[in-house]
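Peer 1: For reference, the chains in residue letters:
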Amino acid sequence: MAKRKAPTIAQANIMFFITAVVTLAGSVFFQPRLGIGTNLWINEFVYILFPPLLMAWINGWPIENVYRFRKISAKSKLISILSGFAIWPMAFTVSRITRMLLDNKIGVIESSGSLKLSIYQSLLIMIGTVILAPICEEIFFRGFVQRAYESRGNKQGFVIAALLFGFYHILNGISEVIPACILGLCLGFLVYRTGSLASSMLFHGTANLCAVLFGGVLAVHTSETIPAWLYIVALAGLCISVALLKSIREEAHDPEDNEEADRDKKTSAAGILFLVLTAVYLAAVGVFEIIGRLGIV
Amino acid sequence: MKKTICFILILSLAVGFSLVIMDLSDWDGFNVPSRFEKVTVDLSDQFGTDVLLFRKELNVPSTVEFFIQSNDDSAKNVKIVCESEILGFSSNEIEYTVTKLTGNSCIASTLSMNKGGYSVYLTSEKAEGKLVIGHQEKAADPSEFERLYKIHNGDLNNPPEGYEEIYSTSLAGKSRKDEVIYTLSLDTARNIGLSVYTSAKQGTVSVDFIGEYSNFTGLVHPQYGRICDQLEATLAPGEYRMKLTCENADGQLYVFIKK
Chain D
1 MAKRKAPTIA
11 QANIMFFITA
21 VVTLAGSVFF
31 QPRLGIGTNL
41 WINEFVYILF
51 PPLLMAWING
61 WPIENVYRFR
71 KISAKSKLIS
81 ILSGFAIWPM
91 AFTVSRITRM
101 LLDNKIGVIE
111 SSGSLKLSIY
121 QSLLIMIGTV
131 ILAPICEEIF
141 FRGFVQRAYE
151 SRGNKQGFVI
161 AALLFGFYHI
171 LNGISEVIPA
181 CILGLCLGFL
191 VYRTGSLASS
201 MLFHGTANLC
211 AVLFGGVLAV
221 HTSETIPAWL
231 YIVALAGLCI
241 SVALLKSIRE
251 EAHDPEDNEE
261 ADRDKKTSAA
271 GILFLVLTAV
281 YLAAVGVFEI
291 IGRLGIV
Chain Y
1001 MKKTICFILI
1011 LSLAVGFSLV
1021 IMDLSDWDGF
1031 NVPSRFEKVT
1041 VDLSDQFGTD
1051 VLLFRKELNV
1061 PSTVEFFIQS
1071 NDDSAKNVKI
1081 VCESEILGFS
1091 SNEIEYTVTK
1101 LTGNSCIAST
1111 LSMNKGGYSV
1121 YLTSEKAEGK
1131 LVIGHQEKAA
1141 DPSEFERLYK
1151 IHNGDLNNPP
1161 EGYEEIYSTS
1171 LAGKSRKDEV
1181 IYTLSLDTAR
1191 NIGLSVYTSA
1201 KQGTVSVDFI
1211 GEYSNFTGLV
1221 HPQYGRICDQ
1231 LEATLAPGEY
1241 RMKLTCENAD
1251 GQLYVFIKK
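Those protein sequences? They're chains D and Y, same order as listed.
Following the numbering used here, the numbering of the first sequence begins with 1 at its first residue and continues without gaps.
Following the numbering used here, the numbering of the second sequence begins with 1001 at its first residue and continues without gaps.
Hint data in this document are derived by calculation from the structure and do not stem from the laboratory.
Just so it is clear, CB atoms sit at the ideal spot from N, CA and C, and this is done for glycine as well.
Any given hint could turn out to be false.
So the derived label-pair ranges between C-beta atoms look like this [unchecked claim]:
1. Y:1059 with D:126: 36 to 42 angstroms
2. D:126 with Y:1050: 43 to 49 angstroms
3. D:269 with Y:1034: 49 to 55 angstroms
4. Y:1038 with D:65: 54 to 60 angstroms
5. Y:1003 with D:126: 21 to 27 angstroms
With the rest of the complex left out, here is chain D (with noise of 0.2 angstroms):
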């Protein structure tokens, strides 16, 4: 039997569980020990970028094709940009929204205050978040989980890839998990459209670097409610953002894309096994949230 020349659903699956679990017990171990940044690094680099590298050697598939490296025209990339830079209100203000909800409907968890960082520490921390973790993330996500995915349909490959990125940031809480979701759906539309992981890294930075930033300041002057301007500026940036990334003109596929979307509708008993052990398992990190907001542990 031939190797398929793409990743399949029972292989994101894995990948994705085994990730998912790897990063919370990795952060558990090395952050309280190396510091916040350098876990960041730790994350991107062994956790989320290593798994489909370590797929691609081990099936032999062209990377270039397979994780979609393909340029984009300049006004692709601009409009990337712009669309990243818009709607990160959006997702600002629905992590507060939900954040708020939380704190006061269920319980805020108990701190024990800012700790100070090192300028090394957040250097790590600015650099990982704008650069590496755009790039590590959509090789993760769009590259190897949509494109798995992709066998099913490829606007299914990325309403689905959005999913599991917003999912996958319960792990930063679960006030993250929306604004992923709805971040993830615009980046899965960019590589849909552009059949390119340039453009949603680029979008992915632009938004990351907004959250550098504005997110500190902003959090500041939400902390107690949320400002009527923030709403408008919310809703006009997800107006824009979604009017550019409609007017982004879809680029020539490379035919190899969809080749084998016919092989592989039907998804494996391991595949399914695993998506089931996933939405147990980051279903238990929401719960387990919940109950240190209740002030259980």
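Let chain D serve as the given structure and place chain Y on it in line with the hints.
Peer 2: Coordinates of chain Y only, in the frame set by chain D:
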């Protein structure tokens, strides 16, 4: 594009690796929040009995916050001596035993001191590690300090605004062991505030707030903290009991709650 991504990743790896190495070589195990003024003591240099580490003048009544860490295993005594009263304490001296406390572990303490000043002394044997004392002084709100000062001097019925009395008693001649003095039932998660004051200066007095999932024990002590003011907490739904243990004590006890 593959080359560009490879280049960025390799460059990032080189930069990141350098930053991690610099961070690790710079890290001494301490994590004192930046709001504190930091005093670092080299235990191989400063050791002995009651070695004066620093003195701080307080021109007005102040709230003084301490954050103490050490990367040395041996037990060291850090003594804070206030030249006037420390509200809620029977003595103007407080002693902490510090062992190895790094990363997120620390001794944290907040004291209300009257104006005058305070000194910090160390009793330690010669050791290789370091001791770090973070301290932050903030002028106390005059009306708040006056309220706490009254409580310190025995006028206990001075709760903060929004707090209501749920229990008060004279402790003289009372002997109680985990007697339930108040029960709180919550249907939903709620933020509450607790204030417990005692004027007992002898014997045993302990007030514990016990729930299925949250416990606050030893809220007051006759010598080491007669004032527990505005302890705020988010409580899960359930039943909470406030329990009193006392023996051979004197003075009064007042308990207030803000729901």
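Peer 1: Run every hint past the structure and note whether it holds.
Peer 2: Each hint, compared with the structure:
{"no.": "1", "hint": "Y:1059 with D:126: 36 to 42 angstroms", "in the structure": "holds (41 angstroms)"}
{"no.": "2", "hint": "D:126 with Y:1050: 43 to 49 angstroms", "in the structure": "holds (46 angstroms)"}
{"no.": "3", "hint": "D:269 with Y:1034: 49 to 55 angstroms", "in the structure": "holds (53 angstroms)"}
{"no.": "4", "hint": "Y:1038 with D:65: 54 to 60 angstroms", "in the structure": "holds (55 angstroms)"}
{"no.": "5", "hint": "Y:1003 with D:126: 21 to 27 angstroms", "in the structure": "holds (25 angstroms)"}
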